[in-house]
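**Student:** Chains A and B supply the protein sequences, listed in that same order.
Residues in the first sequence are numbered consecutively from 148, following this note's numbering.
Residues in the second sequence are numbered consecutively from 470, following this note's numbering.
There could be a bad hint or two in this list.
[Claimed, not checked] Calculated pairs, DMTMM-like style, for lysine to aspartate or glutamate (alpha carbon to alpha carbon, straight line, at most 20 Å):
(1) B:Lys-475 / B:Glu-497
(2) B:Lys-537 / A:Glu-260
(3) B:Lys-853 / B:Asp-801
(4) A:Lys-149 / B:Glu-556
(5) A:Lys-210 / A:Glu-183
(6) A:Lys-210 / A:Asp-229
(7) A:Lys-219 / A:Asp-202
(8) B:Lys-475 / B:Asp-486
(9) A:Lys-210 / B:Glu-677
Read the hints as simulated data drawn from the structure, not as lab findings.
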Amino acid sequence: MKTWLLPILMTVFVAILVTSFYAASWFGDQYMLRAEPYDPFDPFYGEYVMLQYPDLEAPSGIKDGPIYFTLKEEADGYAVIDRMENEPFFGAISGTTYDNRVVAPQLEQYYVEQGLGPDLEDAVDLQVTIDVSPWGTIRPINLEVRDE
Amino acid sequence: METERKLVQWRNEGLLDQAAFDRILAFEKRQPQKRKVPLLLVIGLIFFALAVFSFIAANWQLIPDLLKVAMVVLLMWIFYILAYFSEKKHFGRPIIFRLLGLAMFAASILVTAQTFHFSTSNSVLPWAIYIAALAHYFYWRHFAYAVVAFIFGISTLMSFLPQAGWLEWGIFIAVALAWFFFSKDNAPMIFSWMLLFFSGLMLWNLVEYNSPFWPVWTLFALVLLLIIIPADKQRLLSPLYLVFGAIMLVVYLAVRGETEMSLVDLNWPESIALAVTGLVVLVVAYIKFRPVMWIALLGAMGFLLFDETAIALAIVAELSALAYLIIAQRQDKPLALGFIYFIVVQFVIYVIYAWERLDMSLFFLIGALLLFALSGIAWWLNRKREGVSP
Numbered sequence: 148m149k150t151w152l153l154p155i156l157m158t159v160f161v162a163i164l165v166t167s168f169y170a171a172s173w174f175g176d177q178y179m180l181r182a183e184p185y186d187p188f189d190p191f192y193g194e195y196v197m198l199q200y201p202d203l204e205a206p207s208g209i210k211d212g213p214i215y216f217t218l219k220e221e222a223d224g225y226a227v228i229d230r231m232e233n234e235p236f237f238g239a240i241s242g243t244t245y246d247n248r249v250v251a252p253q254l255e256q257y258y259v260e261q262g263l264g265p266d267l268e269d270a271v272d273l274q275v276t277i278d279v280s281p282w283g284t285i286r287p288i289n290l291e292v293r294d295e
Numbered sequence: 470m471e472t473e474r475k476l477v478q479w480r481n482e483g484l485l486d487q488a489a490f491d492r493i494l495a496f497e498k499r500q501p502q503k504r505k506v507p508l509l510l511v512i513g514l515i516f517f518a519l520a521v522f523s524f525i526a527a528n529w530q531l532i533p534d535l536l537k538v539a540m541v542v543l544l545m546w547i548f549y550i551l552a553y554f555s556e557k558k559h560f561g562r563p564i565i566f567r568l569l570g571l572a573m574f575a576a577s578i579l580v581t582a583q584t585f586h587f588s589t590s591n592s593v594l595p596w597a598i599y600i601a602a603l604a605h606y607f608y609w610r611h612f613a614y615a616v617v618a619f620i621f622g623i624s625t626l627m628s629f630l631p632q633a634g635w636l637e638w639g640i641f642i643a644v645a646l647a648w649f650f651f652s653k654d655n656a657p658m659i660f661s662w663m664l665l666f667f668s669g670l671m672l673w674n675l676v677e678y679n680s681p682f683w684p685v686w687t688l689f690a691l692v693l694l695l696i697i698i699p700a701d702k703q704r705l706l707s708p709l710y711l712v713f714g715a716i717m718l719v720v721y722l723a724v725r726g727e728t729e730m731s732l733v734d735l736n737w738p739e740s741i742a743l744a745v746t747g748l749v750v751l752v753v754a755y756i757k758f759r760p761v762m763w764i765a766l767l768g769a770m771g772f773l774l775f776d777e778t779a780i781a782l783a784i785v786a787e788l789s790a791l792a793y794l795i796i797a798q799r800q801d802k803p804l805a806l807g808f809i810y811f812i813v814v815q816f817v818i819y820v821i822y823a824w825e826r827l828d829m830s831l832f833f834l835i836g837a838l839l840l841f842a843l844s845g846i847a848w849w850l851n852r853k854r855e856g857v858s859p
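Sequences are here, hints too, so could you generate the full structure?
**Tutor:** As structure tokens, this is what we get:
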């Protein structure tokens with residue numbers, strides 16, 4: 148039994164990692180964000196689109212550096228910042244801000260099928276659908292060209 | 470067949486008698502024959518594996534998320550099962566299968582990250598493999614796992630950048646310390662010691678105050694380890710302190726000689742504190758482990774760096790190299806590392822002070838290099854002659 152302990156623990160670890168992503172969908176809320184792409188390749192993970200979000204802007208009074216924020220849906224269906232603090236609070240997505248621009252590690256990249264990256268880059272106007280768990284983790288669900 | 474042919478040859482030459490010939494032949498025939506896997510089967514298996522992988526790759530985007538991860542985890546299990554039977558039935562090398570299993574574990578995290586668009590700018594992957602490799606090491610005690618753990622230990626440290634956190638850093642040190650104390654073999658002990666040293670360099674990122682002396686403070690702090698480990702382990706680790714200390718002195722010399730040192734906060738209080746700590750290290754090393762005493766010299770670094778010409782630092786480096794060589798030769802200790810340090814010091818001093826007059830000094834440099842080469846050849850020939858004579 149001891150021989151199998153390590154592979155079992157390693158499998159449990161991967162299972163927890165995977166479950167944590169599904170949990171964001173099971174228990175969380177879904178949002179759609181306007182997105183713009185840049186820089187498309189990683190030698191290990193394949194093709195992806197780096198994303199930035201024109202609607203996510205730090206409100207005045209927020210210092211550059213680590214930030215914590217939640218999202219809310221606007222009338223047009225796209226999400227914007229609901230609440231943003233420099234100190235952590237429960238349910239917040241963690242990220243950083245510099246010069247009013249907001250970056251969150253879990254929102255930065257979206258892996259796409261090989262060959263699709265340049266097309267999405269050319270389209271420029273994109274939209275991302277994400278599930279946000281009540282404890283602030285994100286599971287990106289979909290990336291597509293925005294029709295506006 | 471080859472053995473038999475050789476034996477016949479030796480018997481015909483009179484090197485073996487018939488009785489010995491028969492005994493050796495009988496012994497060789499009793500040995501188990503190595504079973505060879507047919508070449509065609511091997512080639513066929515390789516092609517089959519390639520076909521399976523290219524089929525999976527071609528349909529990658531169509532495979533459901535969960536299945537992608539499950540396939541790699543299944544592959545991991547196949548390798549661990551193969552390792553188990555390889556140990557029981559004595560085929561192949563269990564260590565290779567387990568290393569492949571470990572690699573598949575890494576692959577399963579990579580695939581999870583890719584499938585769920587998980588950010589790569591964090592330390593989850595290196596941490597997971599570092600801990601898994603350590604667990605493998607403690608269970609099977611094989612050197613290969615220690616090497617993997619060391620590589621991913623470094624990778625974990627690097628992943629802390631650009632914004633390292635105290636908690637994660639503290640956990641890393643706790644894990645490296647545990648590895649250090651519970652290692653029975655020499656190599657893992659050296660690896661874990663190096664991880665502890667490199668984690669000290671993270672202070673540049675963790676602390677806002679830009680001290681130029683974090684490496685020296687770290688080395689001095691690591692002297693505490695020497696106090697609590699047994700004497701044989703002290704002997705094992707002593708050269709590490711000297712090598713890292715020597716590298717530091719040369720780097721400080723190069724940096725002071727070649728730059729303005731405007732990125733660090735050089736000040737008297739820290740320099741004095743460093744000198745006092747250096748004295749404490751000197752006293753402790755003198756009482757408990759004299760070979761390490763040399764690193765106490767680094768305590769003077771705080772004062773030496775104030776000299777913008779770096780001449781004082783160059784003199785200290787030069788004298789320490791010479792003194793080490795002389796003392797090591799008198800005590801009949803190995804000279805190789807001391808000699809390398811001596812040569813490196815000469816080169817650094819040369820670059821700092823003679824670079825601008827390169828055309829003139831090149832003549833002397835080539836002369837010096839020739840002299841080094843000739844003296845090296847003479848020393849080698851001399852040693853060889855001494856080795857031959859009884």
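**Student:** Which hints, by number, does the structure contradict?
**Tutor:** 5
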